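If you want the building blocks of each chain, they are given just below.
There are 2 protein chains.
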Amino acid sequence: MIAKFDSWLLKKIYQALGKPPYLISLWGDIQIGPSHAKAIAHVHIKQRRTLLRICINPELYFGEAYSKGDLTLTGDLVKLLEHTYRGIASSKRNWLQKLIVTWQARPCNNSITGSKKHIHQHYDLGNDFYRLWLDDKMLYTCAYYPTPESELSHAQTEKMHHVARKLQLKPGDNVVEAGCGWGSLALHMAKHYGVTVKAYNISHQQILHAREQAKLQGLDDKVEFIEDDYRNIKGQHDVFVSVGMLEHVGVNNFRELGDVIARCLKPDGRGLIHSIGRNQPVRMNAWIERHIFPGAYPPTIREAMEIFEPNNFSVIDVENIRLHYALTLLHWLEKYEQNTDQVEAMFDEQFVRAWRLYLAGSIASFSVGALQLFQIVFSPGRSNNISWTREHIYSSLEKTDEASWKNVM
Amino acid sequence: MIAKFDSWLLKKIYQALGKPPYLISLWGDIQIGPSHAKAIAHVHIKQRRTLLRICINPELYFGEAYSKGDLTLTGDLVKLLEHTYRGIASSKRNWLQKLIVTWQARPCNNSITGSKKHIHQHYDLGNDFYRLWLDDKMLYTCAYYPTPESELSHAQTEKMHHVARKLQLKPGDNVVEAGCGWGSLALHMAKHYGVTVKAYNISHQQILHAREQAKLQGLDDKVEFIEDDYRNIKGQHDVFVSVGMLEHVGVNNFRELGDVIARCLKPDGRGLIHSIGRNQPVRMNAWIERHIFPGAYPPTIREAMEIFEPNNFSVIDVENIRLHYALTLLHWLEKYEQNTDQVEAMFDEQFVRAWRLYLAGSIASFSVGALQLFQIVFSPGRSNNISWTREHIYSSLEKTDEASWKNVM
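Each protein sequence line maps, in turn, to chains A and B. Sequential numbering of the first sequence, starting at 1, is according to the numbering used here. Sequential numbering of the second sequence, starting at 1, is according to the numbering used here.
In case anyone wonders, no lab produced these hints; they're calculated from the structure. Computed from a predicted structure; not experimentally measured. All clues stand as given, with none of them false.
Treat identical chains as interchangeable: a pair holds within one or across any two.
In silico DSS-like links for lysine-lysine, alpha-carbon gap of 30 Å or less: (1) K98 with K266; (2) K137 with K234; (3) K19 with K266; (4) K79 with K46; (5) K79 with K266; (6) K137 with K117; (7) K98 with K79; (8) K170 with K222; (9) K116 with K222; (10) K68 with K46; (11) K98 with K4; (12) K215 with K137.
In isolation and in its complexed conformation, chain A is listed as follows (with noise of 0.2 Å):
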């Protein structure tokens, strides 16, 4: 009677994935979707506590029951992952689909304070953990890759380039950074473009790191790593960049963030926001919220020109590259695929876990449309201190490749 049950709710769960190419089973010998050697992947749930969970909240409890073995995932995990995706999308708004907005992260409270322990629990992990997986400069955001063959430490150095040369960086031009990460970007933009940077960043461990890179690399003086709150940006800059922050700052401080911009950008200044977005807006992951993202939101263009309209900035070019960050994240799971006992060791398994599926889930979002990637450059509303074309940005590619300003002077 009781595995009728099972068996009937399996059903119901696979028809509502939109009956994807993976094999589903349960203890016991249950099983739904394509045979073994036809599946792209098989999971496999334990015990009914587990189903029975992943019942009321798909999105949490897929994710937590992954993270702590009850749930075992075997062949290509992203593929997996874009499946069920596309299969939730395009099935009409069923159960499931509604369990996982019912469930759906709430607004956070970004507030100075709540920032710094949000920003804190993600990238304060450990300076060590995020060298294993991401490129030699330590970029977590968004590659830039010339072709899809590109190498993942070319692309970043290329993504470095494309963000200075939207902005046309000019020797002796004061730029300041909101959310520097490891300080690769303003290092960057010192050594090849002449700039002077304040960048502004609240994890500790990064700015620490940056702070060592700045000495080491002998940009101490045209690079300055600020512990602070982008809200306490002091002073008045040529430029304006931030790449990966604004998905921390939550929509409600966007008016907030665009009243800084015009408070610290000169009136014939540029600025350049690169950041996570949706074509719709949808609350955050519950799964990715609560144990990777802590106050994160990803907004659509819509909701961006919070910050752009009441100041009266002009929007002067977006660019989309989400597949990029679908590449770039793929260039990720590979090399954490080969650390993962280093990783063991430092945290745990279910740590390991946690964050292949972070990883894993994170491509799939890209690469079937859940998530964009822009790049908004903008400037004073009156201002005409803008680029003519965009040919700039493309006919300096190998120019500026491996030059330093000092060379182009």
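Chain A is already provided as a structure; the job is to place chain B on it using the hints.
Structure of chain B alone, referenced to chain A:
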């Protein structure tokens, strides 16, 4: 006594305008501003009635007074308007600004019947009239100037290539165009990119011209010009393109436009909308709305998202080329001034002045940043048929310039 009042009023106006570098004089000897020699322009108001009317509804009656000849303008009209726009915008919300806002145009009825009437009023003024001051291909939208020194006709051809490259047109694609003007873009795409086009327009005069051109160029088997509203677009297409129509759609109809696009675009299709826009929502200039463009409204990016967001389109690329429109309009005005005799013969003196003011005012609006020009590339949210980078838009500049798709194959 009354002369004192006139003088006091003139001073108040001059202050509210931000003390611009042009001279304003009234009947009698009253005047304000720099001397004749130093002034960039001279506004002369002939009678008290005109002055008072302008004080009540500045935007509407300034335009009406100038076109009727109740005030004269000498000197650089574009610079005069640039200083006026900048002056009003930078002074704190004063009485002049408040009056302008009070009288700004209300949202218009752009139903199928309403649109037909509005479009007829502007675009059916006669092809001979537009031929006097547009380029040889009759493009009545912002051109794309590879450099500011490029000529109008070249820049209009480049605009069409720019649009086609952004859409990655390939031979055999079937394209639907909403609001095709005199048909040049449709014919250009068919000729140079080997696509077939169904092009919609509700301006009868434009459609007649477009059909004639299709026959003359031997492209009537490739391009079909349909005299109908965009809301009646039928079929499934690889590409949706609309250049200079969105301004006439009205924000209230954006949702419906998005539904039309969603219905007519294939799952892996691409789209582009080219439109005048704003940084902040502002109602239409009262005079322009009444005398030049009934029913027009340039939206902000946030407002335009109402087309894309509800239908889960991915915005792939947004480019703002407002300075190109200032230059396009400058070239139109130059040609217009050379042909005012013919314009007067077609219409009258009042019409000549009204259209001069409209062209000069538009130049000023784009050059001071009161108006923007957005090109938005989008695709269905689940489609991965998007370009890897935007390099192809720039690298193919020379290759496609004169070549037709037949040479490429």
